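Participant: Each chain is listed here by its residues.
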Amino acid sequence: MYLIKKSQVMDIAKELQKEYELYGPVIDKETKQTMFVKADDAAEIDLNAPIPAIPPKHVLFPNYERIMSYKYDRQNKKVDIKPDFDEKPKALFGLRSCDLTGVLCMDRFFLGQEFADEVYKNHRKNMFIVSNTCIAPFKQCFCVCTDSGPAAQEGYDLNLTDLGDQYLVEAGSDKGKKLAEKMGLAKADDSHKKAKENAVDKSISLFDSIATDNKAWISRVMNRVTTGLIDEKVWEYIGNQCIECGACSFVCPSCTCFNITDPITAPDEADRMRTWDSCSYEGYSRMAGGHNPRKPVEDRRSKRFFCKLSYSQAKKYLRPGCVGCGRCQWVCPGDIGLPNVVTYIRREIQK
Amino acid sequence: MNYKSGICTFCGTGCGHLLDVRGDKVCGVFPMQNHPVSKGRLCVRGWNVHELLSTADKITTPLIRKNGKLVEASYDEAVACLVDNLAKYKKDNSEEIGFLASSRSSNEDNFLLMKLARSVFNSNNISLDSDPGHRNSLDVLNRATGMPGMLGSLEEISKADFLLVVGIDITKQNPIIGSELHFAAMKGARLMTIDTRNTQIAKLSNGFLQIRPGSYKVAMAYMAKVLVDENLCDVDFLKRYTEGFEQFSKTLAALNDDEVAGKTGLDVEQLKNAARDLALSKSAMVFFSSGISGFDSDTIGYIFNLYLMAGKIGREGCGVNPVTGINNLQGSYDMGIAPDLLTGFQSLSDKSAIDRFNKEWGVKLNTHPGKSICESSGKLKALVVVDHDETIVRNVNEISKMDFVAYIGSYKNDFVNYAHVVLPVATYAETDGTFTNTERRVQLAKKKLEPAKNVLPAWQLIAKIAEKAGAKWNYASPADVMAEIVKLTPNYAGIAYDKLQAMGGMKWPNGAARLNIESAPRKVSFAEIAGGLSVPLASEEYPLLLMIGEAQHYWHQNNLMKKTSIPLREYNATLLLYPKGYVAISPQDAKDLNVRDRFTVKIVSPYGSMEAMVQVTDKVKPKTAYVAYFVDDMVTKFFLEHKDVLKRGEDATIPVRIVKV
Amino acid sequence: MSEINNLTIPEIVTIDEIKDEIVEVKTFYLSFDARKGGEAPKFTSGQFVMCTVFGAGEFAVSLPTCPENDRFHLTVRRVGKVTNALHELKPGDKIGIRGPFGNGFPFDEIKGKNVIYVAGGIGLIPLRSSIMRVMQNKDKFGRVLLFLGARTPQELMYADSIKEWKTAPGFETNITIDNPVPGWDGDVGFVHTLIKKKNIPIENTVAFVCGPPMMFNAVIKELTELGIGEENIISTLERHMKCGIGKCQHCAIGRTLVCTDGPVYTYRQIKTLGEQI
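Protein chains in written order, with the working numbering: chain A, 1 to 351; chain B, 1001 to 1661; chain C, 2001 to 2277.
In case anyone wonders, no lab produced these hints; they're calculated from the structure. Values in this document were obtained by computation on a predicted structure and should not be read as measured data. The reader is advised that the hints may include incorrect statements.
Over the 10 Å line for every Cβ pair with chain A, so calculated as not near, a few chain B residues [claimed, not checked]:
{"#": "1", "residue": "1002"}
{"#": "2", "residue": "1043"}
{"#": "3", "residue": "1203"}
{"#": "4", "residue": "1250"}
{"#": "5", "residue": "1378"}
{"#": "6", "residue": "1570"}
Simulated pairs of lysine-lysine, DSBU-like, Cα-Cα distance not exceeding 35 Å [to be verified]:
{"#": "7", "chain 1": "B", "residue 1": "1453", "chain 2": "B", "residue 2": "1203"}
{"#": "8", "chain 1": "B", "residue 1": "1562", "chain 2": "A", "residue 2": "78"}
{"#": "9", "chain 1": "C", "residue 1": "2081", "chain 2": "B", "residue 2": "1619"}
{"#": "10", "chain 1": "A", "residue 1": "5", "chain 2": "A", "residue 2": "194"}
{"#": "11", "chain 1": "C", "residue 1": "2036", "chain 2": "A", "residue 2": "121"}
Glycine included, each C-beta is placed from N, C-alpha and C at the ideal position.
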């Protein structure tokens, strides 16, 4: 445990920028929207910024990414394949604990199953993560319901906690410790640890008054979603409101569905692109030939909530798939962000 | 930051988005949370716009046709070729030169094209394609109120407590407006849908009346009659702000319940309740489609008159709101893309307006109204087409016979096959430009990346053409163009690029959220109704009423969608199932015809026939059928035969017979 | 490590020969450019590969090749853009292969049992591999019954293999077409009706069933009514797939991913998946 003065906390980002591409929460001047993006200048990053509209997912799992390109010489029957994996070292600075939890879900999903995903592995292998404890929640937060905040428990190299005039800096890895030592940060003691605990307790106590948008008491709902004991009518009510935009998947820190296409760049030349996809789209599960096992929109909706809220899926993430960030509720043109769906299901259970 | 703000290029809603721009590539898109219209939402099209902007299907070099083949050329050569060819047909009134503009072009690009047509080539033959829908809406609203645009606004949806959706599958066509309506209903507004099909918004409504195709105006007239009969008109409002009520109400007297029930297929009690809900609400809005599937003038007139009688125009949370399907359809009419209009709906026959234009442009404009391409009946010899996104070229027989066709656009499309000269222009993300959404909101989409090597933005290219033709134009930027637009267009007064920098732009006139009824120079008049209340009737020979519409993923023929992968996949989901296109019929009709889903049938009308596969669905009522037109044959071989029917509106309903093949 | 990693980047293979199987269905014989003797990587019956047609895209296809004594090949029906492009290729052309992926059919586990294969149309493609393998090891199995259905005689695929099976010792091969046609002297009618007519073993029996959903459901009903346990009915599921390695999620059915947990399931498992098949 170390300490750093508030006025110097960005020195950590600057130090990281020497070795890494630096990403962090940046408030766009024009739109006042916080985005978790690459910062050319560390000073653009604002540790006090509201929860970013776009989660850091896209740094490890980009929206639209080339994973290889190829060229087929038909005359000479020669194929030239060029893999295109991004292994640049990247530092995520000022990650909120919900988003860090999302990264951990992705780690377990992409790397911890039968096969490791090479594209993701390359993004992830040289990464430095600095998380930031939420000393107060935001309006849409419900991480206390999903056990993913307000403070990060694991997965960071360094974790920052605002203690007033200084930040407590906890090292979660050797890499983190090395950096703290290299920067010569002052050592913290148990009193600072206590101060952090108090700050976290206070943050939790503020949820009732500040985090008023969403609540998601997911535990009982998880049971129902896993066993499928939910009235069809509830899914229909949810399905009717879905305009099939895909937004919930795109903004979710733990949603990882992707599509693969080979857009042509020249005759017999193409890029293999990996792009975000969403299970809310009708074509998502349609097979060549037309058969679609998941045609009605309510089937597709129940699939997504199964992914976020079932024990079976939780086995893959080693926790629930929902990290309590509330973004799906922001972007949903229906009224079926995850917290609302949980409410609808609970309402039905109580009947 | 690599996320650059902009306005979505697809439908008339005008949602705000941020494009993830890295160098010369667009790698993603994200919604703009604080945008006044979209508030952080996008639809399936909007969420995948980066795929369109990354397509390899762009035009990157000028082309000239030589010996039947298009060969690469320089801009100078191609522009010279265009100007020389048009010069051959230039007269004082160049009846042989036509311009086909696009409702996707920015206001600046459209304005300059209009200026090029009228002031450089003396041609008033400038139009959008053959969709008359929005023009009908604007004509009715302009004649009655002097405001050629949405009378209410999207931002006031949350302030209305009665919302009526008439004949528009809004969650598919303009999903984010559909979302706003849904949210308003969730918060307690009464949402009512009248449609021929059981659409998603119908499912989300408090009330749904499934009406027989072509009879919307009967329902609207009847609701108006209910207001009269039950003394529910806003009498003070009518006296103070309107004229023509007596005359209009007299025309309603003859309507009787049986006739209405027979024509609409509805229980009149339901219509009565809807009329009462409307009258007793504090504020009310109505939304209807304004495009290919838009209404005829009479239906729009009845809708308008109904709302006027209820006093639901010109007040907070009120309005008669046509919804545009394409991003700059409203702006295109604002820019005078019509044979008889100058900017801001000023008529070509308005002498003071003409004087202003003559003075500003230093010319003497030809004031003979022109003709749109579908009215030209073979007279056109040379045609300039700008930025069309349709794969299906309408009036293809006429176009292929023309001596000269030029295509100016960002993306490849089928017009290229008929063009003698092809000129590339930058995409909407590669230059500054303003777009006017369905609620009259003029928004600036700023340049976010460089166009492909040497490709010019349309405003520069059009100026280059004008210059080559001898005109002296002097624009340093689109902002200069807007300054000239504002000078010539009373509606656009007060708009300027420096004010448009802020998110959300500015609505004309003067940021008005709705028609300002207090300061109107004259009283609002009741819309004149030209025809009777006849409805298209099925007969023994043609027993089904066929409706025409668009569906979410078959959107304006989808030339843009086809350049993406995820929206394309969604498009293909149905197109693969129904490769010849589909006609939706009810399970009962399917049984009578002895067909199952995906069986091929022939649709026969008095004027033509086409083949399609049936989609059996309970979304349509028995004795009605629905086609989403997105297959080449459907448009060129069938609908063109019905050009006149489509033009008349009548909810574009055609009596047909369906036969099993 | 000498093992070639083709999980994400396809390895290049050459089309040695193309055979017209039936209308719209072709068989492609392949050799692997980077492997010794062009030989395929190790695989088992019931697995699938991801096949890239350069310039068109990638699709999942199940393996008809027998893991023992067989030429590596794929049999592909023309259904969409990518398979269309594959059908246009000529011998000598290159395509890409990732895989094999998936769990595969049981083999050692079912030794000593009677085996029933029921295939409708191109459902025979994945079963061919298993049938061939059982044939080569016939002494380790009990009765082996084949029920092959097609709409017309022209739509019967793998004519050469069928000829072999018809004469294979201990094989009981039954073939049926949907409707009678002149010149056809075999069985007529849907394949499930044929099962009823034959005296099939019930005890100590496993049944492999592959075919279109309608046929599949009818056959399952028949088999379970005859008393074959749901856990002894084995099939392979088809789903839209993009990655093959459990990441893209397109093939998810409830809690299972067809690409890594499947594509081979017992009917008992399929029943509990909770989605349409």
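Participant: Of the numbered hints stated earlier in the document, which are not met by this structure?
Facilitator: 1, 2, 3, 6 and 7
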